[in-house]
Structures are given as C-alpha cells and as structure tokens.
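Student: Respectively, the protein sequence lines represent chains A, B and C.
Residue 1 is where the first sequence starts when you use my numbering, and the numbers rise one by one after that.
Residue 1 is where the second sequence starts when you use my numbering, and the numbers rise one by one after that.
Residue 1 is where the third sequence starts when you use my numbering, and the numbers rise one by one after that.
Please note that a few of the clues may not be correct.
Note: identical chains are not told apart, hence a pair may lie in one copy or across any two.
[Unchecked claim] With a cut-off of at most 20 Å between alpha-carbon atoms, the simulated EDC-like pairs for lysine to aspartate or glutamate come out as follows:
hint	residue 1	residue 2
1	Lys270	Glu44
2	Lys167	Glu142
3	Lys454	Glu353
4	Lys240	Glu138
5	Lys454	Glu370
What the hints contain is simulated information worked out from the structure, not anything from laboratory work.
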Amino acid sequence: MNRLTTRALVLASTLAITGAVPAQVFGPRELGEQSKACIACHREHSPALYQQWGDSKHYRANVGCFECHSANEGEPDAYMHHNQLIAVLVTPKDCSRCHSKQVEEFSKSHHSKGARILGSLDNVLAEVVEGNRGFRTEGLPEGVSAAAVNGCWQCHGTEVKVLAEGKLDPATWPNSGIGRINPDGSEGACNACHTRHSFSAAQARHPSTCGKCHMGPDHPQKEIYEESKHGINFFANLNKMNMESPKWVVGEDYWAAPTCATCHMSATKKQAVTHDVGLRISWNNRPEVSIRPEVADAKMNLPGAGITWETRRANMVDVCINCHDTQWVTNFYAQYDSLVDLYNTKFGVPGKELYQLAKPLLAGAQFANELDWTWYELWHHEGRRARHGASMMGPDYTHWHGTYEVAKRFYSEYVPQLTELAERHLADADAGKAAAAAALRARLGEVLNSEDHKWYIGKMSPEEAARRQRAAEEFRSRYESK
Amino acid sequence: MNRLTTRALVLASTLAITGAVPAQVFGPRELGEQSKACIACHREHSPALYQQWGDSKHYRANVGCFECHSANEGEPDAYMHHNQLIAVLVTPKDCSRCHSKQVEEFSKSHHSKGARILGSLDNVLAEVVEGNRGFRTEGLPEGVSAAAVNGCWQCHGTEVKVLAEGKLDPATWPNSGIGRINPDGSEGACNACHTRHSFSAAQARHPSTCGKCHMGPDHPQKEIYEESKHGINFFANLNKMNMESPKWVVGEDYWAAPTCATCHMSATKKQAVTHDVGLRISWNNRPEVSIRPEVADAKMNLPGAGITWETRRANMVDVCINCHDTQWVTNFYAQYDSLVDLYNTKFGVPGKELYQLAKPLLAGAQFANELDWTWYELWHHEGRRARHGASMMGPDYTHWHGTYEVAKRFYSEYVPQLTELAERHLADADAGKAAAAAALRARLGEVLNSEDHKWYIGKMSPEEAARRQRAAEEFRSRYESK
Amino acid sequence: MNRLTTRALVLASTLAITGAVPAQVFGPRELGEQSKACIACHREHSPALYQQWGDSKHYRANVGCFECHSANEGEPDAYMHHNQLIAVLVTPKDCSRCHSKQVEEFSKSHHSKGARILGSLDNVLAEVVEGNRGFRTEGLPEGVSAAAVNGCWQCHGTEVKVLAEGKLDPATWPNSGIGRINPDGSEGACNACHTRHSFSAAQARHPSTCGKCHMGPDHPQKEIYEESKHGINFFANLNKMNMESPKWVVGEDYWAAPTCATCHMSATKKQAVTHDVGLRISWNNRPEVSIRPEVADAKMNLPGAGITWETRRANMVDVCINCHDTQWVTNFYAQYDSLVDLYNTKFGVPGKELYQLAKPLLAGAQFANELDWTWYELWHHEGRRARHGASMMGPDYTHWHGTYEVAKRFYSEYVPQLTELAERHLADADAGKAAAAAALRARLGEVLNSEDHKWYIGKMSPEEAARRQRAAEEFRSRYESK
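Next comes chain A alone, as it looks inside the complex (with noise of 0.2 Å):
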C-alpha cells in the first residue's frame, strides 16, 4: 500500500530528464510527462478540475495528477489508466510525501479518530433505527443503511472497500469524512477540509469548510461563529481577512476577525500552526457530562492524553490575548466555567443517573421507548448547544436553542415520562421492575427536592421568592423612575 517508491522514482526522473543543469534541491523542476499525458486528455474532459488545479500551489510547484495519484504494484487500488499505473483515492499517507508534518499532527488528533463512531450509539440510529440493509454492493454485500451511507459516514468518514480493478465501492465512495479509513490503513482525508482540487489554504481557514460538520442541531459551532462577535467581523470584514497569505499569522498578518482556524489551528506569534484541533480545548462538551479532553484522548489511546487542559487553556489564551486584555479572557473562561458546570450538575449528572435508573423499566431495545429520545435530545442536541454557544459566545445559541430547551425537555417532558414510568412499575407483579421503579421514584423525588429544582414542586423558599420579587421591582424601577 505503500506508494512511496513509485512515486519517488516519478519525482527522481522528472529530476533526471533535466540533465543538462544541476537538480533542484526540493522538487521537481517541471512538471512530469505522466501528469502532461493525464492533462492532455483531462483538460477537455474534466475542465473545471484541472483549473481549480491550475489554480492551485501544486501548480507551480509542477505537482500535477500523477504525483499524486500514481500508484504502486501490489496497491489495492491501484489500477491501469491508459498504461499509467494509478489510484483514484489520494490518502493522507500519499500527502505526508510533502507535508509529513501536517500529516503527523493529523493523525494524533481525534478528526482522524472519527469514524470511530461506526461502533458507536449514533451508528445504531442510523443503521437499525432509521436505517435498514437496503444498500447492497459488491464491497458489502449483506448490505449498509443508506442513512449512514449518505450521512453519519460523509462527516465521520467509513473504511473505503476496493473491488475489482480497483474501483472503489459505491456504498463507500464519494466519501470525504474526515476520518476515513483508507486502503493503505491510513486515517483521514486532507480534502476533508482542502477540498480538491485547489487543496487551498484558505480554502481550509474559512468557516465555511469546518461547517461541513460542525453545523446542526446536535454540534451547531458554524451557527455559533456566525453570530458571535467574531463571526459577525469575520463576515463584514472578509476583505481585510488576507485569506491567501502564507504566512496567515493573527495580529501580524490580518487582524479584523478570527475564523475557525485563527483560534484551533493556526499560527501566532508564538505558536506554530497545528493539524490537532484539540491541543487549545479545555472542554470536551460532547457527553452527557463534559469531561476534560485529556480524559477524552486517554479512553482512545491519543497522545494528548498527556496534555492537561490547563495547557490547553494556556494555548488558546495565546490566541485570545491579541485582540483582549488578560481580564477579559480570565473573565470569559469564568462564564464560560459557569456554564459548563451549570448543566452538569442541574442536568447531566442527575439526568444521566435518572436514566440508568429507568432502564430495568424500558423495553429493550433502545429508541423504542419515548424516554430515550427525550433523554437523548436533552444531552446530544439542546446539552452541548448550551455549552457550545457559551464556549463560544453565541448568546441566542447558549440560551434559546440551548439552556432554554434543556429545562423545557427537563421539566415538560423528562419528568413526566419518569414520574408516570415509576408509577406504572411500583405495583409490577415482577419485583425486580417494582423495586426499580420505587428506587427510580426515589431518586427522581431527592432530584425535584434540591435546591436546583425545588421550585418546579412549588417549594420555593419564601425568603428566595421574596428575594426575587424584590429585585425585579427594584429592577423595573429603575426605568419607571426616570
């Protein structure tokens, strides 16, 4: 699987032909015969990608098709093209030959880890909940949900099976997932986020291209940016961005706004750019709980696992302090703090034992019972909109589609549901489900008698009540006075 003899020996002879003059000391000179031969059809047939190649840096770095997709003897996918031995897929172990770097980074980061969720909850919604084996191929002939097919597995990425004369299969490609699994064993795809076949940096630094995925009702970070601040300066500022410049330092090279990338990715004046999206996270926001991303990369074997989220913190403090003061970021992160530990301990923690709690009661299978769906959009959808718009100051996101929908599924629906589910069990003739409804009742009732919730009951304190009362009146009067 490896194509790294192939294609040096394509770069070392498109060195050789030169002759006459010394060799460059990186790459080739002028741009191949194999990839001359390609274009000379390619052009007519397929005009616009050999543009947005002509538009590309491998166009003057005389990195043409062949370079890329020339392929070795003995590669799964590796096929005869007009007596060109190739492969249409271009893996990140084939991009590593140049930026070996980037690629490094890449594959510590949990974007390659992410089709990881083919063995995951998620993935049973989409291949037996909405999903059935409807899509047969030749690759998979027992059949794949179509619903992951043409979902889940275009953000997350699938393993890319080959069939005869290394076509690729159809249940599996087009895919571009981030964390595709590719014949050579490889993880990830760079067109992921480069998209082909300009492969632009800038391309990858607009937020645009990180929306691909990070949009929706369950991780809605594009919505997020675009109405906080720094998406509203992105938008009105685009031609300031210096979208193009190499060098794309924030504070040295553009200033008006910061994308995506500017605060995940991208250089400083003192930290270098990185492929890892997660060394300036100091939040995993992604379970029921949030838990720290070095908890999150030590349960899947990454190398951050040893990168405490203070670090983290720091890293994007780095970022934070050029166009802030040091109080406005320490302040941030203490909203910000709050928020997190707000749904935690009001909703995760006691919604997540609540849950386990009512499970004996369920009927077996998973999302045939109306309290897994609410139990699930509570913490998957409304729980990390929440977090996410306070991470990233989207005031509407944080409340409305996030705080607001989590106490109205709280109290509107996951109560009710457990209360008449206990309810239903306490005299069940199976002493197993009454003793679990009387435990799941006792629990629910310790929950609605704390603090956090004792209001829903009516036991406000009256000293609490008063205390509102009077700040809302000395509020209003403010206004009515002047």
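With chain A held as given, fit chains B and C onto it using these hints.
Tutor: Below, chains B and C alone, put in the same frame as chain A:
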C-alpha cells in the same frame, strides 16, 4: 392584454426619430423620449430604483422605463400616468418581446405552475387552519387569508387582480411569486429571480436568490447547499466565480464552485442555458413517496412528460463531470438513490398506507387530529429534508435534520398514535369503525414485524444482534489496539 | 463617575503641547503622549487590537487608547496602570464626549433599556427554570445564573459590578449587551454594534451585526432578512454597497440593497441618521398581542410615547420609496397589517384570554405545567416569527416557521391541553377550581364555535365547504385544460 403593438411602435418610433443614419438592426439607437420623461421625475423620487436600472444591461441597450411599462389601450391594468398609458406589472409576456426563448422554456417548467398550489392541501392549511377570510379587499370582497397572502403566495404566486384605474389589488400585489398569474394570462414573474430593477443574471446565479423560496423546514435546499462542498467552495471563492460574465460556462469561465444555477440551469460546454429547472433532476422528492419527474410532469400536463429521468440524469452528469470523474458520479448516484429507496420503502410507503387506513377513524376535518400533523411533518418536512439532503450531499440535513427526525417521528409519535387510535376503536359501536380499527391494527402489526421495523418490538434476530455486536467490537478494537 | 474633566484636560494638553502653531479647532493635532505610552507595549502584547485601532477612523483623528480609557480619580472602575489612571470600560457617557448626538438619540431608544429584562418573565426562565445561583463571584456573592450571564445578559446587558482596584466582576463583564448599565450610570454599550477596536460604521451597517441578537427562535430578524429580497440583493451585491462611505445616503451612495441599518437608522435624502431604532416601526410585535410602538414607549417612560405609529410609518415609507413606488408601499403595508390582524384576532387575543382562565387550575410555579410552555412558545416564538416574517417579506418565516407552527401548536397542543385541564377540574372538590374549569370550558367552547375556529370541530358551513371545493377545482382545471 397584448402589449406587443404599442411597444413595437415605441421601438419603431425610437428608431424613426434618428432619421439621418440607417436604423440599427437590433434594439433602439438611443433611449426613447417617453422613458426620458419617466426618468426626469423618477431620478428624484425613486433614486435607488433609477440607479439600479442605470446599473443594468437594459441601460446600455436603451431599454428604459417605457419600453417595459408601456401598455395598450384596453389592457386591464393600463392607466394614464402623466399622459402616458402604462402598466405597473411587467409580465413574462412583456419580457418575451426581447427574451422569447427564456420565457418559452420557463413556461414549460414547474416553476411557471407554482400558483397551482392554490387548489391544494397546503392551501387548506393557509386558508382555513392558519387563516381566515379577514383580509377583505376591493378585488377579493369575500376575504382571503393573510397567511396565504404573506406566506404561500409570495413564493408560489397568485392571480393578480386589477382594480379601477389600473390599480392592483393589495392582497394580490406586491407579488413576485414564480407562478404568478398575470392579467394578460401569462404565468410567472421574471423578477422572482432577476430582481428589480437591475434584472441581473449574476443575481439569479447567486444561491441567495433561489433561497428566497427553497429554504425552511420543508425544502431547505439553500441550507443544504451551504453545508455541501459546493456551497463551502462557493462562499470561500466568491471572488473567483466570475458571476457577471455573460457567457458563464462552467469549466471555461469559472471553476471554483457551482451555484444552484450551474447545475440546474446554466451552460456547460455541451448544454445551453435552460430556464426549465426540471430538466436535470432525476427524482421528484416532493410527494409522500418519491416519483420520477416525468410522472410529475404528466400529472401537470407539462411537455416534460416525454423526457425520462434517465435523460435528465444524463443532463446532470454532463454538469458533474466538469469537476468529478465518471466513477465518482456513478457512485454518488448509487448513494443518493439508496437514500431515496430507504425513505420510500421503510417510511414513505407504509406510512402513507397506514394513514389511509387510519382515516375512517379520524375526525372529519384534516388537521383536527394530532395524527394529521404527525404524518404531514414526517413526509412533508422531515422526509423531504432527508431526500433533499442526500441529493446535494449535505450530511447533517440527510441525517440529523432528515432520517433521524423521520425515525423519531415514526417510532415515538406515529406508531404510538396509530396504536392508540386502533385500540380505542376496536370495540366501536359503529361496526364500520371497528372493522377499520381491526384493519389498521393488523397492518400496523405487519409493518412492525417486517424486517425493517422488528427491532422496535424487540424482535431483532439473535444472529443480527450478534452480527452488530461483533462489528461494533471489531471497530472499537481497531482504535484501542493502537 | 464623570470622566469629562480628565479627558478634557488630556485633549487640552495634547493641543497645548503643540505650542508654536495655533491650536486646531477640532480634535487633537497629534496623538497624545499617554496613548503613545500605551501603544509602546500593546503593539507587542495585543497586536491585533492595536491594528484594529490603526484601521479605525480614530487613528487619523488622533484618538488613541488614553483618549477613551483615561479615568478620573474617584471613578469606581479607575485604577492605576503603568502610572496612568485608566478604566477598562468605555461607556456611552465616555463616547458622548465626541459623539453626543448619537448617544442622546440612543438613550431615548428601547435599545438603551435592554437590561430591563432583568426584572421580567424571561429572566425567571434563565434565573430559576434553566439556572440556579451557582455562579458566585466577589461582586455577586449570593450567586447568579450562568444561563443569564452567558445568555440573556450578553444581548440585553447587565449591571457591571466593579471590584477592588477597578477590576470588573466576571459575572458582569465581558458584556457588550446593548442595554448595559455602566458604573457611571449611563446605559448601553456602543461597541454592541461598533465592535472593538475599529468602531466602524460599516460594521454596524452590516446585517451580521444586528444578527448578534436579532436571530433565533423568538426573533429571527436576521434569518428573515436573509430570505427577503432585501437580503438576497445585499448578499449578491455586497461589492456595490459602498459600505465604508461616510455619507451613505440610500439612492445617492448605494442602491443595490438595503441593510437593517438602511431602513431603521440610516440617512435618506430627507431623513438624517438616527440611533433610536424605533422611529420607523409601526408595530411592536413583541407581546402576546401586537401593540403600537407609542404604547410600548409610554409603558417604558420613553419620549417616543409622543410619536405616533403613523409618523413612524411615514418615516419608513420615506425609505421605501427610494426603490418602490407609492402603490407598492401602500399595498405592502395592507398585507403586513392583515397578517398582524390575523395573528392577533385568531390566536393572540383568544389564546391570552384562555391562558388567564386556565391559571387558577395550574400548579403554582410558572413553567411547572406543560401548558405554560405551550402558550409561551405559541406567542413568544411562533407568533412573533409570523409577524416579523410578514414585516420584512420573508414568506417561509411568515408561513412555515410562523402561522403554520402557531396553528399546529394551537390545535394539536393548546386546545387539547386546555380541554383536558378543564375536564379534569369540572368536578373538583375545590369549588373555586370547579367554577374556573367551567368558565374555561365555556370560553373554549365559544372560541371553537367562532367563525375562525369552527372548522376544527367539523362545523364549517356547507356553503363555505362548497365554495372552497369549487375554488380548488376551478384552480386545478386551469392547469389541466392546458
């Protein structure tokens, strides 16, 4: 209603005035006297309108106010305005005097029949359920629903009513709905896309233009485009799009990204521009169960009835191959078709059948039952989103806004509501209803016991469960072993 | 709290230093020594901030760091920073030293009273239902809700608390909410729209800026604008918008499209710019039932109480006619008014009345009942969307996100919940509750039997049903006969 005569005279006289030199072959040699008179006032009173026109192609072509707004004696909406007989409304019939090919193509399209909705289901919603007949006008004295006027009609168009002295009824105009029915009998509004008063092609090529109507919960094409690689590339490369180019052939004049127009309307090296937007579409995903576009065209007596989906798909493929190779395109269509098939077979067909079986048990008026809303949103909102999402490779719309919502609606609402409805009527005094309830329950049982749905009732086969367990574990081990 | 004295001295001394030539009439002749000292460090430590300022109008006007951030002895948030007494917060009072007219106008607007929300219903949601008092700070030792801090307060503003040594309490700052209550008693934050540190008018004219707060489920003005022709034209013609022009008079300096600012704030040939955004609005669609803006102003003791909606509408019409003729504008308002009237009469008024009648039957705490959420979303989310959608001609927001959702909520949730509530209490042991239940049931019956709602109970008159049938058939035949 035909303005041809007057306006031909207008053009002729413009030419005649010039006298001394031979008349031009095409178009007026200079701006007509009548338009000059219009401008004398409107440059003061409507300065932005005047400037938009000044920025349009019409300006240099000496096509001014009067060339479009002049009217013939006897036209219903003609009226005297500062001694010139004019009409406010400029219709496709008027535009066809110079743009006959475009109007002809447009008149064969679904777009031109947009107002047909006024006799359909959605109209019942807007007229009765959401609305009333509280908006009473001179032209519609019985009253009309403000929800239809401000909602449906603004995209679909309506029949424009003419009042005394050429005034237009306020319930029916302003209206630039794409299927507007004009006083001269023509259908459509060119300014639905070529917005006044610059009437620009570049404007119509911009995805925002299509997004006026193709957005929102039931047909979020604009949002899907924005999530897709196509939209991502467009928004990051707008300055390379050469949007103002008259020719605008993909692969020749631009290559950075396609817009809606590129794929559905604009020129390729082999295909000319078309104003019939359905000629490259191979599925009609509008109804409960997707159909082929020629079937839809036949229902509407459109000439497209004779154009098979294979031909239309070939038309689209001719666009795709400018940027993608043939294998990519073939495989994409396999993925897209698989999603349409999944939705149709697992949810669309049985869902529709169950709704028919439930009807005898429902209250008379549609939308007076919760079940009506449940089924409607399942196919009309969520089911479309899934299919549209797959058609343009927007993975979150396919999955999170699509199949996820379809499945949630089906299992957590539709099935329980159907079950409850059947059970409530099994012993109905009305023998017909009892029989209907039994039939509904029987069919529901069959559906839930079918391969696609039996997981829900805990009947996933042990083999399948074991297979899934194994696959998930293998997948996880992949990452844990590293 | 008044920084005038110090800063006047700063300016004066800047002028005095120049000595030899006569002092300038306006503004400092060169950048002050103190600001130069600030820059010496901050150009290194906050390079992007420094560059933003360098890109601002302030740069050429010699208004530097110290000119805005200097503080007087005794100001609560003043502190010594490298031997200069400064304050972090720059307030409208500070800005008014150079921009007095703008601050004066702003202080009369609803915008400046944004923090009034802190004593309102939405605040109960964020403080109690969604939140707790878990975010404890030095300035707010009793604790405050992180949902309010990260949500509500970021748009509405909050009271900024000053800690020891001029530090700002982290729960109350960062905060650029438009109604922020500053330590100097002034209200607002100019950088809510004129974002730091370029403070640009062009930025404030861009719809993204308004979209920081005017978006989301309960007031999606940004989304509606994007769907409207106004937004469509803007996004396709951004390069023609002349956004940086100081004068920026519609019809003179630009004509391609209006932004939010164009219609609500910016200059026309006849009107000057205003920073009171309510002066061109003829409906206040915020409450359960729309009211006129002068009524809302009177409730808030704002000077706008004396400015009728007719005057405000005339102000807006003066903007509209730059692009639209008078008949168009008049008819548009007839359409918009009809939608407000439909919502008010069919849903707003009876819905509010029924909720009042239901209250005696509900659990004490608001939002502890499902009905609370149902009614709240009907008017506060969906009912607003319909009205806002019509106000800006966004048909999908008017209909699919608006009246459709209103009707669905009303018929499939609100009416059934009210019915169930009334029936459950008809025989209540508490005679008061039984009487309340009877009253609720009676009024609900009247509402459902009224002309607007009787379709729901199957009582559409045969004449009306026949009329509708006929109309639909005629409409369909139109297309079938072709």
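Student: Take the hints in turn and mark each one as holding or not.
Tutor: Going through the hints against the structure:
no. : hint            : result
1   : Lys270 x Glu44  : between (47 Å within a copy, 12 Å between copies)
2   : Lys167 x Glu142 : within (19 Å within a copy, 65 Å between copies)
3   : Lys454 x Glu353 : within (18 Å within a copy, 29 Å between copies)
4   : Lys240 x Glu138 : neither (50 Å within a copy, 40 Å between copies)
5   : Lys454 x Glu370 : between (25 Å within a copy, 17 Å between copies)
Hint check: a violation occurs at hint 4 only; the rest are consistent with the structure.
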